[in-house]
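Undergrad: Use these hints to put chain B onto chain A, whose structure you have.
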Amino acid sequence: DGGITQSPKYLFRKEGQNVTLSCEQNLNHDAMYWYRQDPGQGLRLIYYSQIVNDFQKGDIAEGYSVSREKKESFPLTVTSAQKNPTAFYLCASSIGLENEQYFGPGTRLTVT
Amino acid sequence: GEDVEQSLFLSVREGDSSVINCTYTDSSSTYLYWYKQEPGAGLQLLTYIFSNMDMKQDQRLTVLLNKKDKHLSLRIADTQTGDSAIYFCAEIGGSYIPTFGRGTSLIVHP
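Line by line, the protein sequences are chains A and B.
For what it's worth, my numbering labels the leading residue of the first sequence as 1, then goes sequentially.
For what it's worth, my numbering labels the leading residue of the second sequence as 1001, then goes sequentially.
This is chain A alone, in the form it adopts within the complex (with noise of 0.2 angstroms):
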């Protein structure tokens, strides 16, 4: 089955450490993104990738990092720069920026 996989569902860290949360798509999508979504609010980018080896910046990249060394793989950190990590973080690709996007399950980081 083709889809969008994110691990762990659930994550708990310490305050002041990095954490890394995973994305994997076989869709063979171009693109790739990172949302952040707080309660009662809507999603905000994080970071996109239009393909392999390159990204941008979204609206809220500060105290976050992306690699994208593969087409399958888009992983996020959120360093302890972040001073509120905790919230629920979304994964999606799509064929190419201007097409529909398909989202992952979502991981839901806590911090304490």
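One or more hints might be untrue.
[What the hints assert, rightly or not] Derived DSS-like pairs: lysine-lysine, alpha-carbon spacing no greater than 30 angstroms straight-line:
| hint | chain 1 | residue 1 | chain 2 | residue 2 |
| --- | --- | --- | --- | --- |
| 1 | B | K1036 | B | K1068 |
| 2 | B | K1036 | A | K71 |
| 3 | B | K1067 | B | K1056 |
| 4 | B | K1070 | B | K1036 |
| 5 | B | K1070 | A | K57 |
| 6 | A | K9 | A | K83 |
| 7 | A | K9 | A | K71 |
| 8 | B | K1036 | A | K57 |
| 9 | A | K57 | A | K70 |
| 10 | A | K9 | B | K1036 |
| 11 | B | K1036 | B | K1067 |
[Said to hold, decoys possible] Label-pair distances were calculated between CB atoms; the ranges are:
| hint | chain 1 | residue 1 | chain 2 | residue 2 | range |
| --- | --- | --- | --- | --- | --- |
| 12 | B | E1014 | A | T79 | 15 to 25 angstroms |
| 13 | B | R1075 | A | Q56 | 30 to 40 angstroms |
| 14 | A | T20 | B | R1013 | 28 to 38 angstroms |
| 15 | B | Y1031 | A | N28 | 15 to 25 angstroms |
By construction, these hints were calculated from the structure, which means they are not laboratory data.
This structure is a prediction, so every number in the text was calculated from the model and none was measured.
By construction, the Cβ of each residue, glycine as well, lies at the ideal position given by its N, Cα and C atoms.
TA: Leaving out everything else, chain B in the frame of chain A:
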């Protein structure tokens, strides 16, 4: 920047029609989307409409687009309790990066 606005809540009785509204500001929008999010899950693409269309129907879903007023609506016929979820409107314009609304929580009462 561009903006997408939705009302936050809608409550309907099972069997009635639901209409979820959305307004946007980007005059160069090319595609407009509706997504559904169930609790604790990712977003599921429901339907989309091209900006040169004014209506699209897909089973119980009807999308209406008024491009002049930049108004998009999603009508769900014969609403069921399984339709209870958050519905997001999104648009893609010249920047090719979608802008999402804050989502409308649809509550369906038996």
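Undergrad: Give a verdict on every hint.
TA: Outcome of the hint check:
no., hint, verdict
1, K1036(B) with K1068(B), "26 angstroms, holds"
2, K1036(B) with K71(A), "27 angstroms, holds"
3, K1067(B) with K1056(B), "14 angstroms, holds"
4, K1070(B) with K1036(B), "21 angstroms, holds"
5, K1070(B) with K57(A), "28 angstroms, holds"
6, K9(A) with K83(A), "22 angstroms, holds"
7, K9(A) with K71(A), "22 angstroms, holds"
8, K1036(B) with K57(A), "26 angstroms, holds"
9, K57(A) with K70(A), "18 angstroms, holds"
10, K9(A) with K1036(B), "19 angstroms, holds"
11, K1036(B) with K1067(B), "23 angstroms, holds"
12, E1014(B) with T79(A): 15 to 25 angstroms, "46 angstroms, violated"
13, R1075(B) with Q56(A): 30 to 40 angstroms, "36 angstroms, holds"
14, T20(A) with R1013(B): 28 to 38 angstroms, "46 angstroms, violated"
15, Y1031(B) with N28(A): 15 to 25 angstroms, "21 angstroms, holds"
The structure fails hints 12 and 14 (numbered hints given earlier, in ascending order).
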